[in-house]
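> Letter by letter, the chains look like this.
There are 6 protein chains.
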Amino acid sequence: MTQRFPNADEGRLERGKRALAEIDGRAGQNVIDALADIAPEFANYLFEFPFGDIYSRSGLDLRAREIATIAALAALGNATPQLKVHIEAGLNVGLSREEVVEILMQMAVYAGFPAALNGLFAAKEVFAQRAG
Amino acid sequence: MTQRFPNADEGRLERGKRALAEIDGRAGQNVIDALADIAPEFANYLFEFPFGDIYSRSGLDLRAREIATIAALAALGNATPQLKVHIEAGLNVGLSREEVVEILMQMAVYAGFPAALNGLFAAKEVFAQRAG
Amino acid sequence: MTQRFPNADEGRLERGKRALAEIDGRAGQNVIDALADIAPEFANYLFEFPFGDIYSRSGLDLRAREIATIAALAALGNATPQLKVHIEAGLNVGLSREEVVEILMQMAVYAGFPAALNGLFAAKEVFAQRAG
Amino acid sequence: MTQRFPNADEGRLERGKRALAEIDGRAGQNVIDALADIAPEFANYLFEFPFGDIYSRSGLDLRAREIATIAALAALGNATPQLKVHIEAGLNVGLSREEVVEILMQMAVYAGFPAALNGLFAAKEVFAQRAG
Amino acid sequence: MTQRFPNADEGRLERGKRALAEIDGRAGQNVIDALADIAPEFANYLFEFPFGDIYSRSGLDLRAREIATIAALAALGNATPQLKVHIEAGLNVGLSREEVVEILMQMAVYAGFPAALNGLFAAKEVFAQRAG
Amino acid sequence: MTQRFPNADEGRLERGKRALAEIDGRAGQNVIDALADIAPEFANYLFEFPFGDIYSRSGLDLRAREIATIAALAALGNATPQLKVHIEAGLNVGLSREEVVEILMQMAVYAGFPAALNGLFAAKEVFAQRAG
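Chains as they are written, first to last, in the working numbering: chain X, 95 to 226; chain Z, 95 to 226; chain E, 95 to 226; chain A, 95 to 226; chain C, 95 to 226; chain B, 95 to 226.
Hints are computed from structural coordinates only; laboratory data are not their basis. A quick note: this is a predicted structure, and the numbers were derived from the prediction, not measured. One or more hints might be untrue.
Identical copies look the same in the list; a pair holds intra-copy or inter-copy alike.
In the DSS-like style, the derived pairs of lysine-lysine whose C-alpha atoms are separated by at most 25 Å in a straight line are [what the hints assert, rightly or not]:
| hint | residue 1 | residue 2 |
| --- | --- | --- |
| 1 | Lys178 | Lys111 |
| 2 | Lys218 | Lys178 |
| 3 | Lys218 | Lys111 |
Make the full structure from the sequences, and use the hints.
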């Protein structure tokens, strides 16, 4: 499998750092910063496995990956901070606000109306913050 | 919002039936058939809301909708029969097997390795059945 | 199936609006209002399917429907705002406070003590607000 | 709180055994039997807390308690054997088949269509077995 | 099974009260206090079954029991207040902060990175409060 | 952080393979084998992150790690095959059958009686298979 962020001299950690910065921007970095005094090594795992390994794979484009992540986090319904980061990330990699709203409305079918509503209200906050 | 399956003379029920047939094919019809002697009116709701309303909306293409559904069902991990129907549906609307596998692997990040593994094994069964 | 809110000239949307107003009162309307600038069409779906279709069915009385909803939302444990709306709704359609508390305590058996505790604390807030 | 199954000389264990027998019948006893060689003391906890304590409380009638349990187990979606036992129990304490179906259909709103479908198919099996 | 907190003259309620005080300390008592005006009898159930029955069993030491509880609550991800109480409890019965962090990081494997992150941030708050 | 399985010349993949073999034995290898024709690269991720990274960390012993995993998987209740692998693994790294049963019974408190029952029945199957 070729990598989306290929660089022969680059390890998983560096590739993951670049991918996280590109995808999640400031919101991702805030998570990393918050880990510094509780579990700094977990920040490395977060760079390495989700971003250095998974998001860097070339078999699915980043727009599709964020659709999958937004859907999963809205359906699970117990990770609102991460859902907001990925709504932000979805917009960063090319999803329109309308598309984000469609994904969240669709979750009413698979995880119930409360999950969809709570996802939509999370999106509302993210959209409001970006509008500022 | 314009409809993906527009037809001025067509109601939600008919539009949903057409959408379900196009997206889920035989697997969707099997679900409808199984409802006949327990909750036949629920079959109508299933045509109308998920398919007549949501999947028929034009704001997100069917490929993206199936990415969202496969991700959500794999993450929730308690609806294997429906996950299989939607892996099938994803292939019907243009996802490659490789893309389905990528979506499922990505769920390891958001819902854990067991959810990803069980999703991959569901895909394995669907792929095997279609190969025959 | 006859409808709980029958009216030959009334469609699902109108029936759902009447049912939501009767069941959830002001709390339901607040949810609809909050959707206006993010997903106004989702407000229609919320009127139509849950209230115009499901709650309007005559096969189960509203008291029984609210018992089911309070139990499900407390067990899932990831939709506190909706749980509060339905504790309110349960009181509106005839459940006593004691009965609401009994339902929530019972969830300790099926979803664990934390789910029951968090449900009871949600009820405590709703009861306090109505007492004022 | 007075007890539904009062008997001054009876402890929680005995009260729970009577309540389980009355509510779940043979299906409940099968669970107890299956625990004998793995965790016999857990059978006592099952008699004592859910049945000797909770179901024996007088603040909510058994019909309402089974509505709550069927709703919660269908919404959680990861305890099909227990859902079947309580669909059986619901019929034992006075719910009609139609009412059971209504409760399960309603779960589409709160936990998604797959949860409702899987609940309905569990009911279908229970109804078929009782018909025999 | 012998009891961890044996005392021939002591019933489940008293044993549970002693166990809760020893394990959860002030945080456990706060939960009991908060139940006083909504469901005082549920406080007794909380003393009796989890603490008087389960935690008082001698087959698994309290350190192991708190490992199990912290892992389960972090994985479920919908009971943050209870997770904090049990991170506190884990430290009370001999887990080091490093061990608590290891348990929470491990949940990334079984329940996903968001569950692990939210568990780590809960631990960060508990650690900060105890440091004061 | 020193590693539980240190070897200067060894990478994450090799360390993970050794850890998986030691902890999960044949059951772990079966999972890897089943991935070969659907997602062979996911087998590498499974060696690398859970086993090469997390289980190889020295901050928590393997007995404690398996307590955490058994508790989490029983509480989540939607990954029975993985729960069985880790009940097996727990026995491999020093947990007694009695301790496994205690962990599973305790989950009744945090995830409800059905989760505990289904965990106990999974353990019953594992114990029976090893007895042969």
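> Next, verify each hint and record whether it holds.
Verification of the hints:
no. : hint               : result
1   : Lys178 with Lys111 : within (20 Å within a copy, 31 Å between copies)
2   : Lys218 with Lys178 : both (10 Å within a copy, 21 Å between copies)
3   : Lys218 with Lys111 : between (28 Å within a copy, 24 Å between copies)
The structure meets every hint from the earlier list without exception.
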